[in-house]
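**Student:** For reference, the chains in residue letters:
Number of protein chains: 2
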Amino acid sequence: MQFIDGGVTAPEGFTANGMLCGIKAGRTKNDTALIYSEKPCTAAGVFTQNRVKAESVKLTKKHLENGKAQAVIANSGNANACTGAQGAENALRMAKAAAGVLGISPEDVVVCSTGVIGQQLPVEVIEKNIQTLKDGLSKKGHAEARTAIMTTDTHYKECAVETEIGGKKVRIGAMCKGSGMIHINLGTMLSFMTTDCAISSAMLEKALRMSIEGTYNCVSVDGDTSTNDTLTILANGMAGNAEIVSEGKDFDAFYEALNAINTQMAKKIAGDGEGATRLIECNVSGACDVPTARRLAKSVISSSLVKAAFFGKDANWGRILCAMGYSGEQFTPETTTVAFESAEGAQRTGFTDFVGEQTGKKTSITVFENGVPLNFDEDLAKKILSEDEVVINVTLKDGNACGTAWGCDLTYDYVKINGDYRT
Amino acid sequence: MQFIDGGVTAPEGFTANGMLCGIKAGRTKNDTALIYSEKPCTAAGVFTQNRVKAESVKLTKKHLENGKAQAVIANSGNANACTGAQGAENALRMAKAAAGVLGISPEDVVVCSTGVIGQQLPVEVIEKNIQTLKDGLSKKGHAEARTAIMTTDTHYKECAVETEIGGKKVRIGAMCKGSGMIHINLGTMLSFMTTDCAISSAMLEKALRMSIEGTYNCVSVDGDTSTNDTLTILANGMAGNAEIVSEGKDFDAFYEALNAINTQMAKKIAGDGEGATRLIECNVSGACDVPTARRLAKSVISSSLVKAAFFGKDANWGRILCAMGYSGEQFTPETTTVAFESAEGAQRTGFTDFVGEQTGKKTSITVFENGVPLNFDEDLAKKILSEDEVVINVTLKDGNACGTAWGCDLTYDYVKINGDYRT
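Chains A and B are the protein sequences, given in the same order.
Here the first sequence stands for residues 1 to 423, numbered as in the working numbering.
Here the second sequence stands for residues 1 to 423, numbered as in the working numbering.
Chain A with its partners taken away, still in its complex shape:
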């Protein structure tokens, strides 16, 4: 398996485009994206667990019930959530507009929206421009589509991999957005995946659900779960492999590739959290089981106090212990060890097209060992905490399980961005 250039159009048979339709006054970036597969796809999706669901989410859930889809239309600038019957009609009009120009059924269109909650979507601007949007579909169009779904994101987020399944080259591509209102939960912000792998919708959904537990569900920016979170994948089978219909070697290879993308995308979202200046990764090892390790790690990177300390480059490790303590999870404080680690010149993932392994010299400092605070070198700690990507290594002696979660620091800019987002 290897990472390759591109995003949602990297797999065979997929094209994409994006343009500015004029959904929100003042926006200069693209605001509407279209993804299309020349062949019908098996499809799967996971969605927000928020009881308040966007109208687009309700529609897309219905459209994916039969495990099939062929296109995605998505807009930014308006979430189409808390918009009642008119919102539901507007979501359906988006599906019909896309289906009309593509010559497919509206039921085979995935519809997504992101942006401000509680304002009616001016769907007519999409209808007016849909033909132009369709006419521009191309292999290169992933670069237009990926910016059309951004809201407060400072960088677009996309990724693609290639692997071999049943003797055939198979590709998976993805683009996503997400910067605020992000918290560990089933689903994430908007993420669109494509693949030319031949795989049944049941196995596609299985792979997706398995993978999100340790990737998207291990990210938190601000503890808020959006009304619009959606992750979908369309598989058109054009790689020519024998269709994956059960677990086994082929499924494992597909899962490995899918999971590699989702891990990268999760880090990209955390690193580009609203107002963030650094990516925080928390690894918990020696836990009694994997869910415990992950929930402990999530509690640490979700803590406002931990996040503010990282903004201040303050090695305030007591807050890490405190956050683990109120997580509700089992661990033994008396045998816990905490260390900080960073690599020189490490860059937040998501700020380059793809960052693999960090290459700078790694430095680590242990601040709390077997339940006892250490006298540590404050200057060295400050230096480690000044890098753009900082790792918290928590070592327990409760078992052998590991888990990782990703977050970012809490900054003045987070408050600024969210103090006046709507107007």
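Calculated directly from the structure, the hints in this document are not laboratory data.
One thing to keep in mind: the hints can contain errors.
Identical copies carry no separate label here, and so any pair may be met within one copy or between two of them.
[What the hints assert, rightly or not] Mimicking BS3-like on lysine-lysine, the simulated pairs with C-alpha atoms at most 27 angstroms apart in a straight line are:
#1 K134 / K382
#2 K58 / K397
#3 K140 / K169
#4 K382 / K68
#5 K24 / K313
#6 K24 / K382
#7 K206 / K96
#8 K249 / K397
#9 K382 / K128
#10 K382 / K361
#11 K206 / K24
#12 K383 / K24
#13 K383 / K62
#14 K39 / K62
#15 K382 / K416
#16 K416 / K313
#17 K249 / K169
Quick caveat: nothing in here was measured; it's all calculated off a predicted structure.
With chain A fixed as given, assemble chain B onto it according to the hints.
**Tutor:** This is chain B only, laid out in the frame that chain A set:
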């Protein structure tokens, strides 16, 4: 029942004092408080549910097992948490120091600490000053004690009430601290209550546990639950009423008075949240049951996005619906109504000695009605949101239960205070 002047020394037989012992470099406010009852007391306490507990919390839990106590010693500037065996010894030395000068048993001393986590407490500065602290015990000393427990609090927090039980005047007094690392959980930050009511320790604990559910447990500043949260009450029986040993009219009168204090103290803590510029109260009515109403209200005032919007005076009500949606609680978005309300010149509770009913003219604006967004007057909304105390009224049609929670806005100053608290 009526509110009266004073705090922990308002009940008969209680004296207090506070002084600066020098626990943390640079502090100029008092850092050590002592409260003493001339007669032995029945006593009860509730404590943090954080798995990582301060050494002082562990010791105090043990000391209250027999339902008896006679004094409280508390310090700020150091939490004595994550400090291992040495920390445990230091907590015991605090109890012994107080017991020694008061001529009582160390087991009858409540010990509490608050401040930075993970540094050893310089207990010798307390031992050196304990005689002076004891010599200064007086009725007026509540004014010295209340400042000695403050950390990032900008205002001290105390309250007292008088009521009649069994034909006798009974008083309850309290002082508390709490500004950051505050989140709904059993217990709160440090809160010390005193009363001259005669009441068994079992009924005292029952009243305390019933009361915190709708008061301290309905407050959130930042979603972080401290390692040191402690609420204790000492009852010395000097009011001369027949001892309350079961439920009934007397217990009800005591509970009403206790609950009135706790409600005020909860609002004082929320209004003085770290960096806060305004107190946010969320009332949920028409819910299916009380726990649901409270949890919905808590989810709203705990949301970073709601809190940031209030800082920006932005009527971004979509985030309120969103926060209710991810609370995990049952409600029907389609029949939900949301309104904002404030009173002219309303002051955050806690910024005066006691604020009863607000007197200014109340103004309200409905922004979302029966599941449909309204076109509302943005200027009027901004005016309402500009007051120091703002109420969110959420009306459901799911039942008849109500619940209230209190929080504050998320500001630049919260980030500033917590970006460099330790050093």
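**Student:** Would you mind marking each hint as holding or not holding in the structure?
**Tutor:** Hint check results:
1. In this assembly of identical chains, the alpha carbons of K134 and K382 never lie at most 27 angstroms apart, being 52 angstroms within a copy and 42 angstroms across copies at closest.
2. Taking identical chains as interchangeable, the C-alpha atoms of K58 and K397 lie at most 27 angstroms apart only when they sit on different chains, with a minimum of 22 angstroms there against 45 angstroms within one chain.
3. Proximity of K140 to K169 under the C-alpha cut-off of 27 angstroms is restricted to the intra-copy arrangement: shortest distance 20 angstroms within a copy versus 82 angstroms between copies.
4. When the C-alpha separation of K382 and K68 is checked against a cutoff of 27 angstroms, the pair qualifies neither within a copy, at 52 angstroms, nor between copies, at 47 angstroms.
5. Within a single copy, K24 and K313 get their C-alpha atoms only as close as 37 angstroms, which misses the 27 angstroms cut-off; across copies the closest is 21 angstroms, which meets it.
6. In this homomeric assembly, K24 and K382 come within 27 angstroms of each other (Cα to Cα) only across copies, at 22 angstroms, whereas the closest approach inside a single copy is 42 angstroms.
7. In this homomeric assembly, K206 and K96 never come within 27 angstroms of each other (Cα to Cα): the closest approach is 29 angstroms inside a single copy and 61 angstroms across copies.
8. Proximity of K249 to K397 under the C-alpha cut-off of 27 angstroms is found in neither arrangement, the shortest distances being 34 angstroms within a copy and 53 angstroms between copies.
9. For the identical chains of this complex, K382 and K128 are neighbours neither inside a copy (54 angstroms) nor across copies (35 angstroms), given an alpha-carbon limit of 27 angstroms.
10. In this assembly of identical chains, K382 and K361 lie within 27 angstroms of each other by CA distance solely inside one copy; the values are 16 angstroms within and 51 angstroms between copies.
11. Taking the closest pair of Cα atoms, K206 and K24 never come within 27 angstroms of each other, the shortest separation being 37 angstroms inside a single copy and 55 angstroms across copies.
12. Proximity of K383 and K24 under a CA criterion of 27 angstroms is satisfied inter-copy only: 25 angstroms between copies versus 42 angstroms inside one chain copy.
13. Proximity of K383 to K62 under the C-alpha cut-off of 27 angstroms is found in neither arrangement, the shortest distances being 51 angstroms within a copy and 42 angstroms between copies.
14. Proximity of K39 and K62 under a CA criterion of 27 angstroms is satisfied intra-copy only: 21 angstroms inside one chain copy versus 70 angstroms between copies.
15. Proximity of K382 and K416 under a CA criterion of 27 angstroms is satisfied in both settings, with 26 angstroms inside one chain copy and 17 angstroms between copies.
16. In the homo-oligomer, the alpha carbons of K416 and K313 lie at most 27 angstroms apart both inside one protomer (20 angstroms) and across protomers (12 angstroms), since each shortest distance falls under that limit.
17. For the identical chains of this complex, K249 and K169 are intra-copy neighbours only, at 15 angstroms inside a copy versus 80 angstroms across copies, given an alpha-carbon limit of 27 angstroms.
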